[in-house]
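The lines below spell out each chain.
Protein chains: 2
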Amino acid sequence: MTQGEEMRLGRLHWALEDSTFASMDFLNEVAERYPNAVSMAAGRPFDGFLSLESVHRRLETYHRYLESVQGLGSDRATRTLLQYGPAGGVINDLIARHLAVDEGIETEGESIVVTVGCQEAMFLVLRALRADERDLVMAVSPTYVGLSGAAKLADIPVLPVPTDETGVSLSHLASQVRQARAEGRTPRALYVMPDFANPSAVSMDLPARRALLRMAEEEDILLLEDNPYGLFHGEKARLPTLKALDRTQRVVYLGSFAKTVVPGARVGYLVADQQVEDDRGGAHPLAFYLSRLKSMLTVNTSPIAQAVVAGCLLESDFSLARANSQERAFYQRNLNHLLAGLRDRLGEFSDEVTWTSPTGGFFVVLTLPFTVDDEDLQVCADKYGVLWTPMSHFHGPDGGENQLRLSCSAISTDMIDIGLDRLRDYILSRLR
Amino acid sequence: MTQGEEMRLGRLHWALEDSTFASMDFLNEVAERYPNAVSMAAGRPFDGFLSLESVHRRLETYHRYLESVQGLGSDRATRTLLQYGPAGGVINDLIARHLAVDEGIETEGESIVVTVGCQEAMFLVLRALRADERDLVMAVSPTYVGLSGAAKLADIPVLPVPTDETGVSLSHLASQVRQARAEGRTPRALYVMPDFANPSAVSMDLPARRALLRMAEEEDILLLEDNPYGLFHGEKARLPTLKALDRTQRVVYLGSFAKTVVPGARVGYLVADQQVEDDRGGAHPLAFYLSRLKSMLTVNTSPIAQAVVAGCLLESDFSLARANSQERAFYQRNLNHLLAGLRDRLGEFSDEVTWTSPTGGFFVVLTLPFTVDDEDLQVCADKYGVLWTPMSHFHGPDGGENQLRLSCSAISTDMIDIGLDRLRDYILSRLR
Numbered sequence: 029m030t031q032g033e034e035m036r037l038g039r040l041h042w043a044l045e046d047s048t049f050a051s052m053d054f055l056n057e058v059a060e061r062y063p064n065a066v067s068m069a070a071g072r073p074f075d076g077f078l079s080l081e082s083v084h085r086r087l088e089t090y091h092r093y094l095e096s097v098q099g100l101g102s103d104r105a106t107r108t109l110l111q112y113g114p115a116g117g118v119i120n121d122l123i124a125r126h127l128a129v130d131e132g133i134e135t136e137g138e139s140i141v142v143t144v145g146c147q148e149a150m151f152l153v154l155r156a157l158r159a160d161e162r163d164l165v166m167a168v169s170p171t172y173v174g175l176s177g178a179a180k181l182a183d184i185p186v187l188p189v190p191t192d193e194t195g196v197s198l199s200h201l202a203s204q205v206r207q208a209r210a211e212g213r214t215p216r217a218l219y220v221m222p223d224f225a226n227p228s229a230v231s232m233d234l235p236a237r238r239a240l241l242r243m244a245e246e247e248d249i250l251l252l253e254d255n256p257y258g259l260f261h262g263e264k265a266r267l268p269t270l271k272a273l274d275r276t277q278r279v280v281y282l283g284s285f286a287k288t289v290v291p292g293a294r295v296g297y298l299v300a301d302q303q304v305e306d307d308r309g310g311a312h313p314l315a316f317y318l319s320r321l322k323s324m325l326t327v328n329t330s331p332i333a334q335a336v337v338a339g340c341l342l343e344s345d346f347s348l349a350r351a352n353s354q355e356r357a358f359y360q361r362n363l364n365h366l367l368a369g370l371r372d373r374l375g376e377f378s379d380e381v382t383w384t385s386p387t388g389g390f391f392v393v394l395t396l397p398f399t400v401d402d403e404d405l406q407v408c409a410d411k412y413g414v415l416w417t418p419m420s421h422f423h424g425p426d427g428g429e430n431q432l433r434l435s436c437s438a439i440s441t442d443m444i445d446i447g448l449d450r451l452r453d454y455i456l457s458r459l460r
Numbered sequence: 029m030t031q032g033e034e035m036r037l038g039r040l041h042w043a044l045e046d047s048t049f050a051s052m053d054f055l056n057e058v059a060e061r062y063p064n065a066v067s068m069a070a071g072r073p074f075d076g077f078l079s080l081e082s083v084h085r086r087l088e089t090y091h092r093y094l095e096s097v098q099g100l101g102s103d104r105a106t107r108t109l110l111q112y113g114p115a116g117g118v119i120n121d122l123i124a125r126h127l128a129v130d131e132g133i134e135t136e137g138e139s140i141v142v143t144v145g146c147q148e149a150m151f152l153v154l155r156a157l158r159a160d161e162r163d164l165v166m167a168v169s170p171t172y173v174g175l176s177g178a179a180k181l182a183d184i185p186v187l188p189v190p191t192d193e194t195g196v197s198l199s200h201l202a203s204q205v206r207q208a209r210a211e212g213r214t215p216r217a218l219y220v221m222p223d224f225a226n227p228s229a230v231s232m233d234l235p236a237r238r239a240l241l242r243m244a245e246e247e248d249i250l251l252l253e254d255n256p257y258g259l260f261h262g263e264k265a266r267l268p269t270l271k272a273l274d275r276t277q278r279v280v281y282l283g284s285f286a287k288t289v290v291p292g293a294r295v296g297y298l299v300a301d302q303q304v305e306d307d308r309g310g311a312h313p314l315a316f317y318l319s320r321l322k323s324m325l326t327v328n329t330s331p332i333a334q335a336v337v338a339g340c341l342l343e344s345d346f347s348l349a350r351a352n353s354q355e356r357a358f359y360q361r362n363l364n365h366l367l368a369g370l371r372d373r374l375g376e377f378s379d380e381v382t383w384t385s386p387t388g389g390f391f392v393v394l395t396l397p398f399t400v401d402d403e404d405l406q407v408c409a410d411k412y413g414v415l416w417t418p419m420s421h422f423h424g425p426d427g428g429e430n431q432l433r434l435s436c437s438a439i440s441t442d443m444i445d446i447g448l449d450r451l452r453d454y455i456l457s458r459l460r
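In order, the protein sequences belong to chains L and V. Residue numbers for the first sequence follow this note's numbering, beginning at 29 and rising by one. Residue numbers for the second sequence follow this note's numbering, beginning at 29 and rising by one.
Hint data in this document are derived by calculation from the structure and do not stem from the laboratory. The beta carbon of each residue, even a glycine, is placed where N, CA and C say it ideally should be. Each hint should be verified, as a subset may be incorrect.
To be verified - DEER-style ranges, computed between Cβ atoms:
{"id": "1", "chain 1": "L", "residue 1": "Trp42", "chain 2": "V", "residue 2": "Asp426", "range": "32 to 42 Å"}
{"id": "2", "chain 1": "L", "residue 1": "Pro185", "chain 2": "V", "residue 2": "Arg266", "range": "30 to 40 Å"}
{"id": "3", "chain 1": "L", "residue 1": "Pro63", "chain 2": "V", "residue 2": "Arg275", "range": "35 to 45 Å"}
{"id": "4", "chain 1": "L", "residue 1": "Trp42", "chain 2": "V", "residue 2": "Gly132", "range": "35 to 45 Å"}
{"id": "5", "chain 1": "L", "residue 1": "Ala50", "chain 2": "V", "residue 2": "Gly101", "range": "27 to 37 Å"}
{"id": "6", "chain 1": "V", "residue 1": "Glu60", "chain 2": "L", "residue 2": "Lys264", "range": "42 to 52 Å"}
{"id": "7", "chain 1": "V", "residue 1": "Glu60", "chain 2": "L", "residue 2": "Gly309", "range": "19 to 29 Å"}
As the list claims (entries may be wrong) - One-sided and incomplete, this derived list gives chain V residues near chain L with beta-carbon spacing under 8 Å:
{"id": "8", "residue": "Leu44"}
{"id": "9", "residue": "Leu78"}
{"id": "10", "residue": "Val144"}
{"id": "11", "residue": "Gly145"}
{"id": "12", "residue": "Glu148"}
The following block holds chain L by itself, in its conformation from the complex (with noise of 0.2 Å):
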């Protein structure tokens, strides 16, 4: 006897039937088809700034921290870091430091949870957020995939809202928000990018988080805040956060240290000082709570992967800026390649080819006078030997038709020049 009905993927989670993994399917299928394009489509951090010898001397760091700094002696230190640990995390108050230092954001640790990536903490948002069928989240489209697959495995869904010049269009919040609400359902918070998003390449100036911060008041619901990419600013001066204007708990702080410290530890955290108030009058902050979500699903972010982490702050005084000089010279060094390299090639075309000019970030968007889809990347993989992403992958059924997002993070300016003499060839044979 073989396996019945059960074991049909009409049997499984929804999820797992989903356009999403078709789109990234198929992405990493033309990556892996031709090994030799020049992949403008990777948004990884570049290969050059990873060091194991830093991961031995990290973790060396934080034990004698531990030992020393902290009084607990070498074996207590060592327990911290390799036994079982508390669910919410073990360098918290570390994090809390770097965000003082780095972000203007004040906070305590017992408002952190540590979790394994960004997208665990995607996920535990979501999923504590939906109490019920009722419940939605609203996401700046295009939106970043991470987002729409955590919400799909929290069944929650993901309502649109478009990204205009100002990063998130109000009229449009505000307008899926009483829709939602006229139809018995409950909008319980926004998700965006305000800082060189992923993958509009869109950033929010001052004014603009003001007002989103006001409608989020007004319209009583959370703001769910990713950050990726808010140290690699380049030359212009920093922005605040949503997080660090926000005066009212408004907003819940999304952060990952793929970018700044290593993608191989998988460490990211969230920010979620929202008082939660339980029936017998008491009151926790919603970090509390999450981190029980966390204690069911992981139980803990693994300690060593923290502890790497860990000293990595302590090394640079608590600041990822200080400590990403280098990578940041180069994120920018490379963006500035790009955009002039762009303007160089294709400057001439401008009535028709048109791109976003970030400050800062990993990405650049190209708005065509045709579109771009799978097909097209296929065989512009093929013949020109260049990888991008069609930004119809970080829409719904229909959007960004007509645009592709460039990646800058993980190749060589070198690179970068031969990627776009093989894209300007390739838009030039779709021009004509």
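Fit chain V to the given chain L structure using the hints.
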């Protein structure tokens, strides 16, 4: 304006109001309030086996393996450890070799998903099996709290199936399955721990294992086999796991490296070689789909943490039985010491006080002629200075009221003696 109506506990995921947490909070609180009590409650591995030096060494061992044996060269080896990686894991082939060497399980890397501890593995399987509200899972009762917690977060109900002297009451299993089907519900799987179960301390013999596999066939359900303690089997030879006996892909095997490598890596895995058919006539192993869910949940398990496990596997020729020879002797000595200590101190009351006599694992369950609830634990901690776990925490609303679980993994034989002296005094005070 402050937070509105939405920031009440009742407006967050229902599992957060569940009694599981109150119970876990209580046990943690008691342990914190009586730091000088001897803890026979904690089931974690012994601190004395933790070594930061071995973490450094294992990272280097795996790096060298990738560099030289796999021929990746130094840079690509570093990238494997420190860059983003595939959702399903990077050390899958090494785990498959370990399973062949230590467990007699023949499988391939592509049927394995490397997870953030066994907890994530449980959540992924339960989430995948929960296609709609009719689906449910069964679990041996008393049940490991991690399974109950994961099921709550996955919104899949758990039906208890009593543990009997064979491990699982097959008659109850059959009647649960039939009754559920008669009510239009779909029993998808049974969760079971055949070797030195936590918390019941019961193991299944070979005929019971074969009978359970046959019933899983007949009733068309999966078996979720959790095996954290099988390697600590004492003097008696090991019995084959359900997965080793499984000829028809009935068993999803759940594994943990917390006890056999190091808890702080937070690395576990699952083996899911069931073929899942899609609508287009294709098929993939269930592991393929579980990796997809994982990509939405935690993206991938920290490859640094995976490398620590891989280094241990490489250094021991893939035998964790060999790598744990000291640990196995230690836990065996502790268990024997605990059982002998119980005989010495409570043997004369064997009409009233009985206990399990497992040949391996970390736990012993005592049955008493009086109830032992949370209040009793508190009194015992306060007046007698010894901690244990009321078995009622592992049952539903009823069950285990007159039982307690003792663990012998985290303390020395000297502390076991002190703990047992105190426990005897407490029990005698209740007997009189």
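Hint check results:
As the Cβ distance of tryptophan 42 (chain L) to aspartate 426 (chain V) is approximately 35 Å, the hint placing it in 32 to 42 Å holds. Distance hint check for proline 185 (chain L) and arginine 266 (chain V): the Cβ-Cβ separation is about 48 Å, which falls outside the suggested range of 30 to 40 Å. Taking the beta carbon of each, proline 63 (chain L) and arginine 275 (chain V) are about 39 Å apart, inside 35 to 45 Å as hinted. A C-beta distance of roughly 36 Å is found between tryptophan 42 (chain L) and glycine 132 (chain V), which places it inside the suggested range of 35 to 45 Å.
Checked against the hint of 27 to 37 Å, the pair alanine 50 (chain L) and glycine 101 (chain V) passes, with Cβ atoms roughly 34 Å apart. Between glutamate 60 (chain V) and lysine 264 (chain L) the beta carbon distance is about 48 Å. The supplied range of 42 to 52 Å therefore holds. The hinted window of 19 to 29 Å between glutamate 60 (chain V) and glycine 309 (chain L) holds, with their beta carbons roughly 23 Å apart. The restraint placing leucine 44 (chain V) at the interface with chain L holds, with a minimum CB-CB distance near 5 Å, inside the 8 Å limit.
Taking 8 Å as the C-beta cut-off, the interface hint given for leucine 78 (chain V) holds, the closest approach to chain L being about 4 Å. A hinted interface residue such as valine 144 (chain V) counts as satisfied when its beta carbon comes closer than 8 Å to some beta carbon of chain L; here the least separation is about 4 Å, so the hint holds. Because the smallest distance between the Cβ of glycine 145 (chain V) and any Cβ of chain L comes to about 5 Å, under 8 Å, the interface hint for this residue holds. Proximity of glutamate 148 (chain V) to chain L holds as hinted, the smallest CB-CB distance being about 5 Å (cut-off 8 Å).
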